[in-house]
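One-letter residues, chain by chain:
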Amino acid sequence: MSEIFSATVSAPTNIACIKYWGKASIPLNTPINDSVSVTLHQKDLKAVTTASCSASFKEDKLWLNGIPVSLEGNKRFYSCLNGVKALAKEKGKFDGMKVHVSSYNTFPTAAGLASSAAGYAALTFAFKELFDAKEDYEGQLSTIARQGSGSACRSLYGGFVAWRKGNDPYNNGEDSMAVQIAPESHWPEIRALILVVSDKKKDTSSTKGMSTSVATSKLLAHRADSIVAKRMEDIEKAYLRKDFESFGKITMMDSNQFHATCLDTYPPIFYMNDISKGVIQLIHKYNEFCGEIRAAYTFDAGPNAVLYTLEKYQIEILALVLHCYPCSDKSAFVSNSKLAEEARAFKLSDELVDLVAVNHASVGDVKVVYCTESGPGPLRLDEKESLIDLVTGDNLYNA
Amino acid sequence: IKEKMTLDESSSSSKAPTIHHVTVSAPTNIACVKYWGKASIPLNTPINDSVSITLQQRDLKAVTTASCSTAFETDELWLNGAKVSLDGNRRFYNCLNGVRALGKKKLEGKVHVSSYNTFPTAAGLASSAAGYAALVYAFKELFDAVEEYEGQLSTIARQGSGSACRSLYGGFVAWRKGSDPYTEGKDSMAVQIAPETHWPEIRALILVVSDAKKDTSSTKGMSTSVATSKLLAHRASQIVPERMEQIEKAFLAKDFEAFGRITMMDSNQFHATCLDTYPPIFYMNDISKSIISLVHKYNDLYGEIRAAYTFDAGPNAVLYTLEKYQVEILAFMLKCFPSSIGDDFVSNSELAKQASECELKPELLEFVQVAEEGDVKKIYCTESGPGPQRLDDGLCLIDLETGLNKYSP
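Quick mapping for you: the protein sequence lines, in order, are chains A and B.
All residue numbers for the first sequence refer to the numbering used here, where the first residue is 1 and numbers rise by one.
All residue numbers for the second sequence refer to the numbering used here, where the first residue is 400 and numbers rise by one.
Keep in mind that a hint or two might mislead.
Computed, partial: chain A to chain B, Cβ under 7 Å [unchecked claim]:
no.	residue
1	214
2	256
3	274
4	284
5	315
Hints were generated in silico from the structure; no laboratory data involved.
We put the CB at the ideal spot given by N, CA and C, even for glycine.
Take the sequences, apply the hints, and build the full model.
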């Protein structure tokens, strides 16, 4: 067996504050508008990937969450592989070598939390480390991750990250890339509570959904042409100023507008359900009660709510969520047991309790709550974390 | 009633002053291209045109008696049997004063008006369109008002409640926003595109959907939308004009494919602008959405649009269809939304019977995910109908002895 080269990495997911919805070019995987997100900390949610290559490997192989997956016709995978390999510092070193890649994520599948951003960011970064690749220009690697999955480009950086659509997204992907607006250390007080919401039906896939939206929604075209650019400007300014009022308002408005364009699609796409709606109404009541924006909801292509807030309000909001959403298993309901304890001990004001009394939720409406914060981009892990056996080249990971 | 002595002291017996009265019924209408957003609040003009189908008055109507007498001390209004204050009621007085000014009969005296509607209040079906159309039409008949230009009466009804203007005509009725809705209301009026006799095969199934919460009022909601939704502004200026043109063409050509498609798209776009409002407004709920999904599946199965949904400011679904598909669609909906209420569940018992005997295709049955009992509370089956109608004076809702309301629900 020839030498097996490998690199193991972990990569984060990100939650968009200004949404990507709609491709300009399908082959290039470029968007019709800019977007921006907060990269989440990898301690709860991450993708871990080992990329390995060797002259002894007979064919390219991929394992996802321990299960072998066919690579035939997998454009996304090969865009990442070939794109990064071409940037290897040592030209020719890896020529002809096949790759074995194993990846898992800590996103519970039942939760319906998007893992492709983390997955393709991990893949791209793993290849970068494996081939010791170097960018020809800053952001180039993100243009490769973008071809795996659009929003994966934003997961290549920590903190507050924008995805610039580029000068000519319909014809050129070279400058359709991620840019770090601010590192995670800029606004360390930012917190994110992810409310995993019960949903009976299967969601429309993002790729298919956004394609139908582009084809049928006139409101989406207007959004992309005339609304997003100014919002991006405003939200970036707000984040740099640490102005949560503005940041939160734009985030909520953009989530709603994204879902509005889904509704304006033909046939219409519904990602949020009545429980999602209840969360929105709860947050508006809470913010109104406080006289300022302390929590900002945002929803992706599914019913789960992400509530952005600041560290100082986190316990109160968590207490409010616990109060409004009954659960059957208290110990498993909140991901962070210390915060859960503090939230349970927190006394909500009587007025606030009265205000929200009308929202009647059923057990299981919210299945679980993750408490997290902003974090860094992809990280190299130690070789001992390898998911590929460095002697045999086989997958080591079992779900 | 206060008996006033007549000025003519020469008559041997004092006669009680006449109570002039008129009783009318008026229809509701369901918009296919929606009105949402005022250009001018005082003028009650819209930011875009809209168009609707006037529904038959058999099931859903407003009945109003307008009466006038010098013996009345004050203006009075009863709605569904209950007295309602007219203090500061601009809408009522816009209608009264507007029509009275056009009246050939110069009647002096205060007015007593009684009105009821056959819309179950719990159903949340908008009755203000029918209500104000009935009011205006009743005053028109009472004062024998004549329009100075065609459509003028609808500009008065519009000031009672915007969409009431469309209820002044039968069939397919547009509300033209006017040449300058921000400053001028004179030409913001209803126009009949086609009478109800033009496309008599049109049917409407109204699915009354269960809803726990109270809806945001239209007036408040549309005001917030205008103030905060950029998508709404774009809709009004760039999208609606073309849609109006297309849907009018479609209706005149009896092209249900195009008519239905535009109707569904416009309903969704209206709700999209509500979602784009800050704070967002949600009128449809999960039951509404499942109805939407079922209609798309139904249409896809047949490869053509046979049913078109539309939702107003509430979760109730109106399904437009053609007479030939009505029974199957009703049967399909009954399968999806079972009820143990019995005979009262469907407004038309003959159709209900036909639907129960209808054997649904297996492919359709596959789409059925039986909902919870009560998700749909009632189904009305109706069609297009005429504008307001004068009713027999014997149906008067005002007691001609006392001048007071005699209607109780």
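Failing hints, ascending? 1, 5
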